Amino acid sequence: MSRDLPADDTLVRIRGLKFYRGSRAIFDGIDIDIPRGSVTAIMGPSGTGKTTLLKLIGGQLKPDAGTIEVDGQNVHALSTRDLYRLRMRMGMLFQSGALLTDLSVFENVAYPLHEHTRLKASMIRKLVLMKLEAVGLRGAHGLMPSELSGGMARRVALARAIALDPMMIMYDEPFTGQDPISMGVLVQLIRRLNDAARITSVVVSHDVAEASEIADLIYVISNGRVIESGPPQALSENGGEWTRQFMGGLPDGPVPFHYPAPELEVDLFEGAA
Amino acid sequence: MEWLAQLGRGGLSFSAGLGRAHLLMLGMLRGVPQLLGRPRLLLEQLLSVGVLTILIIAVSGVFVGMVLGLQGYYILSRFGAEATLGVMVAASLVRELGPVVTALLFAGRAGSALSAEIGLMKATEQLSGLEMMAVNPEHRVLTPRLLAGILSMPLLAAMFSMLGVYGGWFVGVGLLGVDEGTYWAQMQSQIDWDEDVLNGVIKSIVFGVVCTWIAIFQGYDCIPTSEGVSRATTRTVVHSSLAVLGLDFVLTALMFN
Numbered sequence: 005m006s007r008d009l010p011a012d013d014t015l016v017r018i019r020g021l022k023f024y025r026g027s028r029a030i031f032d033g034i035d036i037d038i039p040r041g042s043v044t045a046i047m048g049p050s051g052t053g054k055t056t057l058l059k060l061i062g063g064q065l066k067p068d069a070g071t072i073e074v075d076g077q078n079v080h081a082l083s084t085r086d087l088y089r090l091r092m093r094m095g096m097l098f099q100s101g102a103l104l105t106d107l108s109v110f111e112n113v114a115y116p117l118h119e120h121t122r123l124k125a126s127m128i129r130k131l132v133l134m135k136l137e138a139v140g141l142r143g144a145h146g147l148m149p150s151e152l153s154g155g156m157a158r159r160v161a162l163a164r165a166i167a168l169d170p171m172m173i174m175y176d177e178p179f180t181g182q183d184p185i186s187m188g189v190l191v192q193l194i195r196r197l198n199d200a201a202r203i204t205s206v207v208v209s210h211d212v213a214e215a216s217e218i219a220d221l222i223y224v225i226s227n228g229r230v231i232e233s234g235p236p237q238a239l240s241e242n243g244g245e246w247t248r249q250f251m252g253g254l255p256d257g258p259v260p261f262h263y264p265a266p267e268l269e270v271d272l273f274e275g276a277a
Numbered sequence: 009m010e011w012l013a014q015l016g017r018g019g020l021s022f023s024a025g026l027g028r029a030h031l032l033m034l035g036m037l038r039g040v041p042q043l044l045g046r047p048r049l050l051l052e053q054l055l056s057v058g059v060l061t062i063l064i065i066a067v068s069g070v071f072v073g074m075v076l077g078l079q080g081y082y083i084l085s086r087f088g089a090e091a092t093l094g095v096m097v098a099a100s101l102v103r104e105l106g107p108v109v110t111a112l113l114f115a116g117r118a119g120s121a122l123s124a125e126i127g128l129m130k131a132t133e134q135l136s137g138l139e140m141m142a143v144n145p146e147h148r149v150l151t152p153r154l155l156a157g158i159l160s161m162p163l164l165a166a167m168f169s170m171l172g173v174y175g176g177w178f179v180g181v182g183l184l185g186v187d188e189g190t191y192w193a194q195m196q197s198q199i200d201w202d203e204d205v206l207n208g209v210i211k212s213i214v215f216g217v218v219c220t221w222i223a224i225f226q227g228y229d230c231i232p233t234s235e236g237v238s239r240a241t242t243r244t245v246v247h248s249s250l251a252v253l254g255l256d257f258v259l260t261a262l263m264f265n
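Protein chains in written order, with the numbering used here: chain A, 5 to 277; chain B, 9 to 265.
Note that these hints are calculated values from the structure, not bench results. Be aware that one or more of the hints could be misleading.
Unchecked claim - Among the chain A residues that face chain B by a calculated CB cut under 8 Å, a handful are:
1. Gly62
2. Gln64
3. Leu65
4. Tyr88
5. Arg91
6. Met96
7. Phe98
8. Ser100
9. Ala102
10. Leu104
11. Pro116
12. Glu119
13. His120
As the list claims (entries may be wrong) - Result set (DMTMM-like, lysine to aspartate or glutamate): computed pairs, CA atoms no more than 25 Å apart in a straight line:
14. A/Lys66 <-> B/Asp229
15. A/Lys22 <-> A/Glu73
16. A/Lys124 <-> B/Glu52
To be verified - Taking CB as the label site, the calculated pair distances span:
17. B/Leu253 <-> A/Arg25: 31 to 41 Å
18. A/Asp37 <-> B/Leu34: 34 to 44 Å
19. A/Arg229 <-> B/Leu34: 50 to 60 Å
20. A/Glu269 <-> B/Val246: 45 to 55 Å
21. B/Thr242 <-> A/Leu272: 42 to 52 Å
22. B/Leu78 <-> A/Gly181: 53 to 63 Å
23. B/Thr260 <-> A/Ser83: 54 to 64 Å
24. A/Arg229 <-> B/Gly236: 23 to 33 Å
25. A/Leu147 <-> B/Arg38: 30 to 40 Å
26. B/Gly236 <-> A/Gly181: 20 to 30 Å
27. B/Leu253 <-> A/Leu272: 50 to 60 Å
Keep in mind it's a predicted model, so treat the numbers as computed, not measured. Just so it is clear, CB atoms sit at the ideal spot from N, CA and C, and this is done for glycine as well.
Chain A with its partners taken away, still in its complex shape:
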């Protein structure tokens, strides 16, 4: 499914990114290039800061060092007004969907259009129905978020994320907790939207099979560093030991099965002594 990508056409350029929570380094000097028009997957075990990375790209968090450029603009050097302008060209699909619970499906998708455009109500209605049609939920436009399943909520959130026709969409764990049908729908939607609307997609996930299926490029992160990067095929065949354990879902390897602890005998008999 991967396509030929322009070599130097980078939409997101991350250089020397460092980010700490207390004294713990979440990112310890990582470099990432996200090519325009591609689906790039950021993968790694839980707790490696994948969601944090999206928040850094979106300017919701500030790095301790390093730069993040989106479409040539240094995100963290922008004024609030310019940052908000940039965000209007970025969509984000949150893990929970983040739909506004007091608004209906229709109103949720219409929300960014009402906030940022002066379109007539009739035009907004048409646009909303088109976006909902794209995610297969035009018939659900009158429902409230509480009446939606998890998968439907994410599709509505996706329709809302594309309402302003952004240049890029960031997906935060889009496949987590989905049944196989919903997962298949989301996989297809991400790829189809990316290709049809010429959007750049950044998918943060630890679902190896699904992310590999749609990604043109994968970055594997662990312990605050980029372990490896490349097309999915190359990584699963030629990746290092750590990457092969992660991609293959092997229980033991460079990432040990056991949490660091004293020897079992010491633990067992020390207490009895």
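Since the structure of chain A is provided, determine the placement of chain B on it from the hints.
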């Protein structure tokens, strides 16, 4: 020395919280001009924060007035001064009980609801979602709630006092036989607009600012988990109640010398 370190940590944490609360207030105030162009947002919050609080305020006002009428009559009648019952009821309500009890009830009903709502919006990433849609949540979500709280409180306090006066009238005049003309006439002649009514209004505006600010800050600053939201809601009621009682003393001391 551990206690000293703990004291220091507590002091730093308190100062940092105070700083964040003031920054949040500045952020919300910057959203006022934008809100004036979209009055519908304010009206929605006036309904939720103000109108839906009327019932508890009205019922409490009537009962507090009735109790004042009862207690006042038994004390004043010992000195043959039951004719001044109306003044006593009105002064107690307009100066103190109206603003203070309304603020305490407001903190329990509307304040806790505000904290829980904002906290849950944070926990379910709705506020982050707004930010990523290039919508400032401080302006869009918080400013209308702040203004609605500040506008609602004096109106609710006025309603509380008015219904309390009628509660006192019902008991004093209706049940205990105080002369109706005296009840109203004494009140009219003895209650001063500036010293009593205006000071009560100023108090309720101050309480409105403080209670709504605390509620919004606690919700916005909470740890985005179910436990965090629960703690924020509790803190809203406790901090608001203490702030109202403390400020009431200070304001009373300043106003009535």
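Checked hints:
1. A hinted interface residue such as A/Gly62 counts as satisfied when its beta carbon comes closer than 8 Å to some beta carbon of chain B; here the least separation is about 5 Å, so the hint holds.
2. Restraint check, A/Gln64 versus chain B: the minimum CB separation of about 6 Å is within 8 Å; hint holds.
3. A distance limit of 8 Å between C-beta atoms decides the matter here; for A/Leu65 the minimum to chain B is near 11 Å, and the interface restraint is violated.
4. Taken as an interface hint, A/Tyr88 checks out: its beta carbon lies about 4 Å from the nearest beta carbon of chain B, inside 8 Å.
5. Given hint, A/Arg91 at the interface with chain B, holds; its Cβ is 4 Å from that chain's nearest Cβ, closer than 8 Å.
6. Checking A/Met96 against chain B: minimum C-beta separation of about 4 Å stays under 8 Å; hint holds.
7. Contact between A/Phe98 and chain B, as hinted, is supported at the beta carbon level, the nearest pair being about 5 Å apart and thus within 8 Å.
8. About 5 Å separates the beta-carbon of A/Ser100 from the nearest beta-carbon of chain B, less than 8 Å, and the hint is met.
9. Nearest Cβ of chain B to the Cβ of A/Ala102: about 3 Å, under the 8 Å cut. The hint holds.
10. For A/Leu104, the interface hint holds, the least distance from its beta-carbon to any beta-carbon of chain B being 6 Å, beneath 8 Å.
11. Residue-level restraint check for A/Pro116 holds (minimum Cβ-Cβ distance to chain B is 5 Å; threshold 8 Å).
12. Taking 8 Å as the C-beta cut-off, the interface hint given for A/Glu119 holds, the closest approach to chain B being about 5 Å.
13. Because the smallest distance between the Cβ of A/His120 and any Cβ of chain B comes to about 7 Å, under 8 Å, the interface hint for this residue holds.
14. For the given pair, A/Lys66 sits about 18 Å from B/Asp229 by alpha-carbon distance, which is consistent with the 25 Å threshold.
15. For a cut-off of 25 Å, the pair hint linking A/Lys22 to A/Glu73 stands: about 14 Å separates their Cα positions.
16. As the CA atoms of A/Lys124 and B/Glu52 are separated by approximately 23 Å, the hinted pair is consistent with the 25 Å bound.
17. Taking 31 to 41 Å as the suggested C-beta distance range, the pair B/Leu253 and A/Arg25 conforms, at roughly 39 Å.
18. The hint said 34 to 44 Å for the Cβ distance between A/Asp37 and B/Leu34, and at roughly 38 Å that hint holds.
19. For A/Arg229 paired with B/Leu34, a C-beta distance near 39 Å fails the hint of 50 to 60 Å.
20. Hint check: A/Glu269 to B/Val246, Cβ distance near 51 Å, so the stated range 45 to 55 Å holds.
21. For the pair B/Thr242 and A/Leu272, the supplied restraint of 42 to 52 Å holds, since their beta-carbon distance comes to about 43 Å.
22. A C-beta distance of roughly 60 Å is found between B/Leu78 and A/Gly181, which places it inside the suggested range of 53 to 63 Å.
23. One distance hint, 54 to 64 Å for the beta-carbon pair B/Thr260 and A/Ser83, is violated here, with the actual separation near 46 Å.
24. Checking the proposed 23 to 33 Å range against A/Arg229 and B/Gly236 shows it holds: the Cβ atoms sit about 31 Å from each other.
25. At roughly 35 Å, the beta-carbon separation of A/Leu147 and B/Arg38 lies within the given 30 to 40 Å, and the hint holds.
26. The hinted window of 20 to 30 Å between B/Gly236 and A/Gly181 holds, with their beta carbons roughly 22 Å apart.
27. As the Cβ distance of B/Leu253 to A/Leu272 is approximately 58 Å, the hint placing it in 50 to 60 Å holds.
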